[in-house]
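Whenever a hint applies, use it, and build me the whole structure from the sequences.
Listed below are the residues making up each chain.
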Amino acid sequence: DVKVTQSSRYLVKRTGEKVFLECVQDMDHENMFWYRQDPGLGLRLIYFSYDVKMKEKGDIPEGYSVSREKKERFSLILESASTNQTSMYLCASSLVQNYGYTFGSGTRLTVV
Amino acid sequence: DQQVKQNSPSLSVQEGRISILNCDYTNSMFDYFLWYKKYPAEGPTFLISISSIKDKNEDGRFTVFLNKSAKHLSLHIVPSQPGDSAVYFCAASAIQGAQKLVFGQGTRLTINP
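These protein sequences, in sequence, are chains A and B. Residue numbers for the first sequence follow this note's numbering, so the first one is 1 and each next one is one higher. Residue numbers for the second sequence follow this note's numbering, so the first one is 1 and each next one is one higher.
Hints in this document: simulated from the structure, not taken from any laboratory. A portion of the hints provided could be inaccurate.
[Claimed, not checked] Heads up, simulated DSSO-like pairs for lysine-lysine below, C-alpha to C-alpha not over 27 Å straight-line:
#, chain 1, residue 1, chain 2, residue 2
1, B, K37, A, K57
2, A, K3, B, K54
3, A, K3, A, K57
Here the structure is a predicted model, which means the values were calculated and not measured.
Have a look at this one:
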C-alpha cells in the first residue's frame, strides 16, 4: 500500500526552537507539498517541490524553509518556532500532471 | 484573500437523504476542481474531480456539478450514509499552477441515523 509518512503525529516545542518536520513517500512522486490546516482557514500551502533540490514558495512561506535532498523526502523547517505556528501540518505528494494528492496523516505541532 | 470559499462550516443530514456541499471560487484561471474528504486524525483523501470543460462528473453516490459562469461547484452525495460523516474540502487549480491546489475552509458533514 503506497503511502506518505510523517515522522511524528504530535510534537510540542518551545518558542524559539528550530523544528524539523519530516515527510517520506514511497510512490516515486515528483511533486511534494507542505500545507497547514487551521480551523476556519482550511489548508494553506506553505512550500512545494517538483523535483529534487527544487522548491517554490506557497501562500504562507514566512517563518518556514524546506529541504528536498532526495526524491522521497521533503522536510519542513521552522527556523525559530512561534506560538502562531501551532497548527496541523500536512505533507502530500503527487505525480506530475496529476492532482490526486496523497496526504500523510499529519503532525499536530504545539508551540508553547 | 480566500480564492476558494466554503461558506457553510457545518451541515447535518439525515441518513438516506441527499447531502449537498457548496463551494465558490473567485479566480477565473482555475480550470480543475476536486473534492477531498478528511476523517479526524487522518490526512485528506481524494474523492472526485471535474475539469472545467465539463459541468458534471459522477462516481457512484458522488456527483460534482460545476457552474463556471457563477464560479460555483457543488458535491452531491446520494444516499448519505453514516460513514460519509467527515470534513469535506473543495480544491481548485489553474493550468499554470504547477499542480498546486488551493483549498477551501472545509465543511463538516454529519450524517444522522
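Right, here's what the structure says about each hint:
1. K37/B <-> K57/A: holds (25 Å)
2. K3/A <-> K54/B: violated (31 Å)
3. K3/A <-> K57/A: With a Cα-Cα distance of about 24 Å, the restraint between K3/A and K57/A holds, given a limit of 27 Å.
Checked against the numbered hints given earlier, this structure breaks only hint 2.
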